[in-house]
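A.B. asks: These are the residues of each chain, in order.
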Amino acid sequence: MRDYIFLYINGREHKVSGEQAFVPVTDYLRYELGLCGTKVVCAEGDCGACTVMIGRLENGTMVYKPINSCIQYLCQLDCSHLVTVEGLKQNGKLNPVQEAMVECHGAQCGYCTPGFVVAMCSMFDEGKPLTACQIKDGLTGNLCRCTGYEPIVAAGLAVDFAEWEPISKLYPAENMLKQFKEYLQKPLHIKSEGKELFVPVTVNEACKFKSEHPQTVLITGGTDIAVNMNKRGLVPEVLLSTSNLPGLSAIDSREENGRTVLEVGGRVTLKQLEDYISKLNEEMKYILWVFGSPQIRHAGTLAGNIANASPIADTPPFLFMMDAEIEVSGVNGSRKIKMTDFYTGYKKLALQPDEMITKIHMPLPLKDEIVRLYKVSRRQHLDISAFTAAIRLKVDQGKIKTAAVAYGGVAAVILRMTAVEEFLIGKEFSLETCREAGKLARSEISPLSDVRGSRDFRLALAENIFSKFYHETAERQLVCQ
Amino acid sequence: MSIVGKNIPHDSAKGHVTGESIYIDDIPVMKNELHVDYVGSPYAHGKLKSIDLSAAQAIPGVVALYTHKDLHHNRLGPIIQDEPLLVEDEAMFVGQPIVVIAAETRAALAKAKKAVKIEMEELVPTLTINEARERKEFLDREYAVRRGQVETQFAAAKHTLEGTLVVGGADHFYLESQACLAVPGELDQLVLHSSTQAPSEVQHTAAHMLGLMQSQVVCITKRMGGGFGGKESQATHAGVMAALVAHKTKRPARVIYIKDDDMKYTGKRHPFQNDYKVAFDDNGVITALRINYFADGGAYNDLSIAVLGRAITHSDNAYFIENAELVGRICRTNLPPNTAFRGFGGPQGVITIENIMEEIATYLHKDSFDVRRANVYGLDDRNTTPYGQLVQNNNLPKLFDELLVTSDWKKRQQEVREFNSKSKTHVKGLSITGIKFGISFTNTMLNQANALVNVYVDGTVQVSTGATEMGQGVNTNIKMLVADELGIDPDWVIVMPTSTEKNNNTSATAASSATDLNGSAAVNACVKIRSNLADIASRYFASREAGIGAYPDGIKFENGLVFDERRPDNKMSFKDIVGMAYRARLSLGERGHYATRGIEFDWTAGKGSPFLYFTMGCAVTEVTIDRFTGDLKVDGVDVLMDVGKPINTGITRGQLTGAFIQGLGWMTNEELKYTDKGHLLNYSPTTYKIPNIQDMPARFNVNWIDSYNTPNVRGTKAVGEPPLVLAISAFTAVKNALSYVSGNEIPCISTPCTNEAILARLCYYESLNSGSAPAVNGRGGSRDAAVVTGGNGDSDAPAVTGGDGEKAAANVTGNGGDTNAAAIVKGLDGNQGTAAEQKGAVRVDYFNAAGMPVPAVKHGALRPLSESVARAYSGAKLRTGGPTAAGAGGKKS
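Protein chains in written order, with the working numbering: chain A, 1 to 481; chain B, 1 to 893.
Incorrect hints may appear among the rest.
[As the list claims (entries may be wrong)] Here are the computed lysine to aspartate or glutamate pairs in the EDC-like style, where the Cα-Cα straight-line distance is at most 16 Å:
id, chain 1, residue 1, chain 2, residue 2
1, B, Lys424, A, Glu472
2, B, Lys222, B, Asp26
3, A, Lys89, B, Glu20
[What the hints assert, rightly or not] Quick partial rundown of chain B residues pointing at chain A, CB under 8 Å, derived from the structure:
id, residue
4, Ser21
5, Ser54
6, Asn420
7, Ser421
8, Lys673
9, Gln694
[Unchecked claim] Coverage of chain B stretches by chain A, computed from C-beta distances (three or more under 8 Å per stretch; other residues unrestricted):
id, segment
10, 23-30
11, 180-188
12, 201-208
13, 759-767
Hint data in this document are derived by calculation from the structure and do not stem from the laboratory. These figures come from a predicted structure and were not determined experimentally. Here a beta-carbon is modelled for each residue, glycine too, at the ideal position from N, C-alpha and C.
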């Protein structure tokens, strides 16, 4: 069995084995290869100074995406091509994005700049101009403390595409593709100094390995696990990376009882889901827009957001409200678990040691259902929620027929607010009803205070969100969006 | 053609965009180099009992461990040397260094940090301004500026208002954390590569603490990945630790703070708590003002005296205050010593008077523009500051009047009013604030600089000054000034790393004045070189046929050419003249010195003219608040400034936009939350939220007026700090918005205006209007938490995970999701809560005056809100008075 990780960095082949397979990508780049352009500031994916592009084989071609390299470990990078800021020049000269950043004063102290440049090169890879809004959306994951961002947006608007060369042209894919296709056929196994890494190529191999190694930490996007490894002392003895598992990266849909149900594979990233769902559901589109950053959404998966089991995760309220189901696979085949039964306590999942999430069955709202999703956080973008809510009502002739309400950030797990739902059904859809529902919701919960918000803040939000819901849906008071 | 006034790229820009620019952690590892870190105090206040280093010493790869006993001298501080670098007997803040560790690998260093055993007795900490006031814990003396008869005016006034404004601190959040690489040389000499705004400070502090002569230590600063004041005095700690290890072991030693440690253990912007009383007439013209400033200085003096001084001297801001009593004290708390942060106390002074202006307008039901305009400094009268300086070249009236028009103030105010009368979901606010920022160090001695300009025989130039580059573009400005002086292409001029070897006894790059001081010094050096060159050129251009003799004063340097102005068709290249001068054995390297003249200040009298000039401006900000969530959106910002004649328009604009957005973070989202043990809770960008690109105002107009009257190099004005202060307009806009829902009350809110703080105010005002209990729990509200079985937070609530035997992440599949993961492995960080917390019960430690409980979290309870925060929350404590102010306090007339 192969006992080294095979990857490319800026067009050059690297084989990584032993202890180094377990180090963060940034350590390897900075201290092993001397590629110090990639900066580490927060080491938790919240500032973007470490942004690099990662290319992987997708449908026969290399596809490049921006990610936070500080929360990637080398064990996740088998059969990929990493492009860092050092690898962006065209023919030894600044590329058009770099030129624009220079001309527009997009860099001051320069520490965030490589991250911005990589993120920008990634979003401009197609060689087409973008609007200011699109530029901002592409740079949500990058913090700058000097410029106030205005010069960076100006640089994005000033890129001259006449001489633009996409990454695929800078780095011909032929050799990589050939090698990756070959390497992806067989699993990879590294053991070093009491640590073990397994990279399977079938789900069966993965489940079997998990059943034999119950302490296995399963890693896909790594946007949560890697933070725990960087900051909270998590030192996994056994890691299983899903990076080479085929067949889990697709989104399909089926019709069931007149309702569209999405089938989201276990490796589908939040970015994939965002692109897919943006035409189907405005609310979920919004939630994914404010979810983390492009770098996080390109790495993190829906399955991971569910499995991390945070009571303030952004996608589960929707899944709770829509009665989604989680399909898990183990050595004895697969089964479905209701989303509402998936969490058995704070950070506890209804999963057996050999099981892993392979699919999420995600019903979508009907046209005649009123649905709103809420995320309240200190900062709109790239922030973790203090409070989340999902409300779905069906109103017929002024009366509420069905109601589904889920709250996050108010208890150890995300809650379906069943008492509130029962209260709502049969009532007139009015401000008065919604106010009462809010008060009831408030009395049903007892949140804690933490650094993201006090108990009182959360209580007030739990109550107010229903009035907001009424004004926004019934009265269309969407004055400020 | 003069290059000054043009827009050319930052001199490091190409390196920045390619990742080639080098910061301390990017310097290649040297042979034998040691990694250095430290172990600090676990308590905000504690008595050191014993240190056991034996276990740490035994770890392979650990090379040295040092305590205060290994230092020649153990006190540092930029003004008063009162801070021990390494704790001797009493630790005064969490993380105060106790043991310095040097190891060959990062792994060994990490192990050693855990193996150092420190026994301490926990003492009662002082964590708030109020606690410090009660316990009379002050640093240094009282500082004051007084003019006129304040009490008499209060007694005679038609209207008075009084209140307390609580101003939050902020983390600098420079992206490159504190860092230093120390390289030992021969004969106990040291070279320190430091990320500092003050290389001389690092140099002399290291020399002093190691018992070396200053001449034995060189400090070099190529650049910083941001500074913002945080590396003015506090780069010394990392610097001395690296120097100590290098000096003792004779091996290179590098200290790189990780971001979390940097945020937890270094000083921040000073939180202030300002009690004020103001008297004014029917037009809102202030007749008397008293402010009692209380600054949270942290554990040691650091720069607090100067910060408080600048707050006091900026109490007036753009407004003439005839009778003033401006008094301040620095409270000693058990937090890391607070330090310089862009604005340096100025913002904390300005916000007080701008808060008062907004309250006067609300109280009098007047347009807040009109109230401010009525108070703005006059041109011919009403033009002296409370400390006696004449406000010269006053562009404030012009700026206010121009912005009134360009921001469309009247129309937008009408629109806001209409919007607020209709919208059931949102409330808008509009406000304007000004700035008159004094330029010069208030400590007169610091207003000097020296520069070294070397011309090489190919005609290219190296410049070295005491200014340090942290992104603000000072090197680019200096490069342009030098290019202009010598009449050459700026590409021929390189500004070299700042080094104490080339420029001695330098002042910190601070007070927005690096270009003013160092640029002037560089110009003075160029004048000498030009004089040498003109001397030889004049002889060359002297011509018998043309009938002109050698006339050095007539020699011009332009576009890389040199000529006699009387015969401009006969030109010679700069390079050739340089070659000629070299062959003639003339000096082609000169030093220039510059000292600002005519500025003095005397704190014993509280009088003087401390500032060479004022940078001025004003800004209009419009905000929208979500009535249900408290979410704040900054819709529009119009900035208009007098920045003199910018040297580089692109760099000036970058300073304006950058400073404003940084100020906006301080006013809106950036909140420092501590436990009741003095531990900072939000010590990384996951929980400490600086502005994101999406927080840029939709309308962001930044402009400056033509202004030619500044007594400064090339008529330029300092621009680093002043625009930050203009973000206070967002705070006053929030107050304005709240005034639409606050009924008869004058709205109060502390900074930062987070959604949580705003929602608490909205709930309070709603309860007043409806007469019902506020939606925010009152005392005795439903805070019984018996039914709760878990936490609602994420990683910050491991205390609520209960005592189950959950296996470490074994059942976690996939892993996407938001980046802030919960601690999957319980108790890893050793922060298991109490049993009560594990059951999810809320331990309420404190109620503020509005009845809001402040419950327990991870490390214990949140730091109790200070009394005046509570006062602000209660909203009812604003007292109005004066002969005609009738009725209960706190009401609008």
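A.B. asks: Broken hints, numbered, in rising order?
C.D. replies: Failing hints, ascending: 5, 6, 7, 11, 12.
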